[in-house]
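So the protein sequences, as listed, match chains V and P.
Here the first sequence is numbered in my numbering, starting from -8 and rising by one per residue.
Here the second sequence is numbered in my numbering, starting from -8 and rising by one per residue.
Please note that a few of the clues may not be correct.
The list makes no distinction among identical chains, and a pair is therefore deemed to hold if it is satisfied within one copy or across any two copies.
To be verified - DSS-like mimics (lysine-lysine), calculated; alpha carbons at most 27 Å apart, straight line:
(1) Lys330 to Lys173
(2) Lys0 to Lys300
(3) Lys197 to Lys173
(4) Lys33 to Lys17
(5) Lys60 to Lys197
(6) Lys173 to Lys1
(7) Lys110 to Lys1
(8) Lys176 to Lys300
(9) Lys110 to Lys17
(10) Lys1 to Lys33
(11) Lys300 to Lys197
(12) Lys197 to Lys17
(13) Lys173 to Lys60
(14) Lys176 to Lys33
(15) Lys300 to Lys17
(16) Lys110 to Lys197
(17) Lys173 to Lys300
(18) Lys33 to Lys60
(19) Lys110 to Lys300
(20) Lys1 to Lys17
(21) Lys176 to Lys0
(22) Lys1 to Lys197
(23) Lys176 to Lys110
If you're looking for bench data, these hints aren't it; they were derived computationally from the structure.
Number of protein chains: 2
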Amino acid sequence: MIVNPITWKKDHISIIDQTVLPGRLKYEACRTVSQVREAIQKLKVRGAPLIGIAGAYGFLLGIRGFRAKDAAALRREALHIKHRLISSRPTAVNLAWAVRRMFHVFEENASLPRAALLKRLEAEAHRIFREDADMCRRMGAHGAVLLRSGDSVLTVCNAGALATSGGGTALSVFYRAHEQGKRLKVYACETRPLLQGARLTTWELKRHGLDVTLICDNMAARLMQQGRIRAVFVGADRIAANGDFANKIGTYGLAVLARYHGIPFYAVAPSSTFDLTLATGAEIPIEERDPDEITTLHFERPIAPAGVKVYNPSFDMTPAFLVTGIVTEQGVLRRPFSKSIRSMYGRGSK
Amino acid sequence: MIVNPITWKKDHISIIDQTVLPGRLKYEACRTVSQVREAIQKLKVRGAPLIGIAGAYGFLLGIRGFRAKDAAALRREALHIKHRLISSRPTAVNLAWAVRRMFHVFEENASLPRAALLKRLEAEAHRIFREDADMCRRMGAHGAVLLRSGDSVLTVCNAGALATSGGGTALSVFYRAHEQGKRLKVYACETRPLLQGARLTTWELKRHGLDVTLICDNMAARLMQQGRIRAVFVGADRIAANGDFANKIGTYGLAVLARYHGIPFYAVAPSSTFDLTLATGAEIPIEERDPDEITTLHFERPIAPAGVKVYNPSFDMTPAFLVTGIVTEQGVLRRPFSKSIRSMYGRGSK
């Protein structure tokens, strides 16, 4: 039903090149770690859960493509692959989580014959893929309870089918509510500089028959002022132990605006997004990207004077005290998050 | 010194076409009311004070270009010109203010011979032009007092030399502080959809030697969260009797964010921006513009799916209680604004 941004094709992955949407629906083959790394860095594949899945398949491709002289060389290569994949983007933790999971399976099975090892790795990558789709469904179900027919909701970036192997994180909530027959009006922030909201979120919501209206990021406050937003749902790239979380730049501002206007603000993310090694969001690394992303429109025509100084953080950090709830596949976490997050992990989440 | 976006050339005005900056510095001649109206509607000429000046010259051009059979026909034409110019954009009040001022001079001198009437009208248009430049200097002086060397400031849209006949409203404050030897770091919000901040503000500040850094609109909150903004200065398109004001979309959100972070927030505008016929900002008409402004980048390549619904308000309304002060040519108004605005007018402002 929903578009599939990554598909395993026996000896490679086929990805949708998300940088050319909505103009073209173009598939691209990735056969090597370098190609996967480049697809992640150039945002052909993006969205925290999806780059985790890409990383998992990337690890598999790396081991498949390496002919080791001996066990030590193979392990050195596996470590190298792990490092290259994890370092391709710094903020989202799902990438590191998925690649480490693959590395763990590698280590447990490194003594097996090559074919058996590859089979285990392939099975694990598929498992990560399927688990993500399943978590999307469960997040959607938990989040949809928070919505009533007639609600207007706001989202930023693309936390949808294009960001996961299922129906998305934040958008899975809207899809599920829509399936339940609830009429929703979705406002999508365009999400400068790379316009994931304008290009991707409107595209997949329209394709799926939802009522979506595009706004520029700086219009959200006016909608809230007019009482036209009932709730905000966003994805997350990394959530610290206290509930602080990093997400696409602009998320923090929306959280402040929502608080000011008394509007509930929810992060939606699978448990692989939590990084309990970080006490607070202050420790989350925030990627700063190329100034060209801002000064040229979609990598083409300049819109600012040559050489102008630019500040281009790709993410920001939203403190937990601005968050109403965190929707996970296990349910909606409520404040105090340091307690509800701990107890979710206590219930035996991965 | 500073670029001049409108110049009177004996029988026409020469304007900078601001839609093609920063790529090209292109001048264009406007000889008729229709050309002036189109230049205003297409944002070749923009900025509340500047469209007032364009309106004044437009009125002069209209009367110059009309050969009346009799006094009644001339007056009908003058009313028609007045209406066409004022209706070209609804939100900024300076346009109506300047055109009404020209019409008033017309009415007072309608019985004079044509040459004498035109001379009076030309003199009045020049007076509006010069007064605006003078008000910019005075706003700059009053506002610069609020800044110290080393301050980082934030602005939105273009409230600069390109928006006035002088050094601007908000930007005149920065220019003046810079002239006084204060080191400033200016952050310019790019100002979607038409990118006046990215295209115009960075261009003129760089040209003038100021330290300017471009950000996307959704990055302002992060700078504030990091303690990197000392004050916010914005222009205004119309200010109601209680201090509520309309300005470029995104202004209201910045005001909320500034309040949340405890950062002073100033509107900078000449007295022609006040509309005392409106009790509050709720009565200010907010222009909604073409969806294409959002869905295609700078009128060219599509960045959103064809036919997507779009909400595109060009302005928003910032309530007075979020405003620290209003910098005018007569000084800095403080709260309660309903009182300080009344008393400014009591001192005999136009």
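Evaluation of the provided hints:
In this homomeric assembly, Lys330 and Lys173 never come within 27 Å of each other (Cα to Cα): the closest approach is 32 Å inside a single copy and 49 Å across copies. For the identical chains of this complex, Lys0 and Lys300 are neighbours neither inside a copy (44 Å) nor across copies (36 Å), given an alpha-carbon limit of 27 Å. When the C-alpha separation of Lys197 and Lys173 is checked against a cutoff of 27 Å, the pair qualifies only within one copy, where the shortest distance is 16 Å, while the shortest distance between copies is 51 Å. Taking identical chains as interchangeable, the C-alpha atoms of Lys33 and Lys17 lie at most 27 Å apart only when both belong to the same chain, with a minimum of 15 Å there against 36 Å between chains.
In this assembly of identical chains, Lys60 and Lys197 lie within 27 Å of each other by CA distance neither inside one copy nor across copies; the values are 52 Å within and 59 Å between. Taking the shortest Cα distances, Lys173 and Lys1 never come within 27 Å of each other, neither inside one copy (40 Å) nor across copies (64 Å). Taking the shortest alpha-carbon separations for Lys110 and Lys1, only the intra-copy value of 11 Å comes in at or below 27 Å, while the best inter-copy value is 83 Å. Taking CA atoms no more than 27 Å apart as the test, Lys176 paired with Lys300 passes between copies only; the shortest distance there is 11 Å, against 38 Å inside one copy.
For the identical chains of this complex, Lys110 and Lys17 are neighbours neither inside a copy (29 Å) nor across copies (64 Å), given an alpha-carbon limit of 27 Å. Taking the closest pair of Cα atoms, Lys1 and Lys33 come within 27 Å of each other only inside a single copy of the chain (24 Å); across copies the shortest separation is 54 Å, beyond that limit. For the homomeric pair Lys300 and Lys197, the shortest alpha-carbon distance between copies (10 Å) is at most 27 Å, but the shortest distance inside one copy (37 Å) is not. For a Cα distance limit of 27 Å, the shortest separation of Lys197 from Lys17 inside one copy, 18 Å, qualifies, whereas the shortest one across copies, 40 Å, does not.
In this assembly of identical chains, Lys173 and Lys60 lie within 27 Å of each other by CA distance neither inside one copy nor across copies; the values are 59 Å within and 66 Å between. Taking identical chains as interchangeable, the C-alpha atoms of Lys176 and Lys33 are never at most 27 Å apart, the minima being 31 Å within one chain and 31 Å between chains. In the homo-oligomer, the alpha carbons of Lys300 and Lys17 lie at most 27 Å apart only across protomers (24 Å), although the nearest pairing inside one protomer, at 34 Å, exceeds that limit. Taking identical chains as interchangeable, the C-alpha atoms of Lys110 and Lys197 are never at most 27 Å apart, the minima being 38 Å within one chain and 59 Å between chains.
Proximity of Lys173 and Lys300 under a CA criterion of 27 Å is satisfied inter-copy only: 20 Å between copies versus 46 Å inside one chain copy. Neither within a single protomer nor between protomers do Lys33 and Lys60 lie at most 27 Å apart by alpha-carbon distance, with minima of 33 Å and 68 Å respectively. Taking the shortest alpha-carbon separations for Lys110 and Lys300, neither the intra-copy value of 50 Å nor the inter-copy value of 47 Å comes in at or below 27 Å. For the homomeric pair Lys1 and Lys17, the shortest alpha-carbon distance inside one copy (19 Å) is at most 27 Å, but the shortest distance between copies (57 Å) is not.
Taking the shortest alpha-carbon separations for Lys176 and Lys0, neither the intra-copy value of 37 Å nor the inter-copy value of 52 Å comes in at or below 27 Å. Taking the closest pair of Cα atoms, Lys1 and Lys197 never come within 27 Å of each other, the shortest separation being 32 Å inside a single copy and 54 Å across copies. In this assembly of identical chains, the alpha carbons of Lys176 and Lys110 never lie at most 27 Å apart, being 45 Å within a copy and 57 Å across copies at closest.
The structure shown violates the earlier hints numbered 1, 2, 5, 6, 9, 13, 14, 16, 18, 19, 21, 22 and 23.
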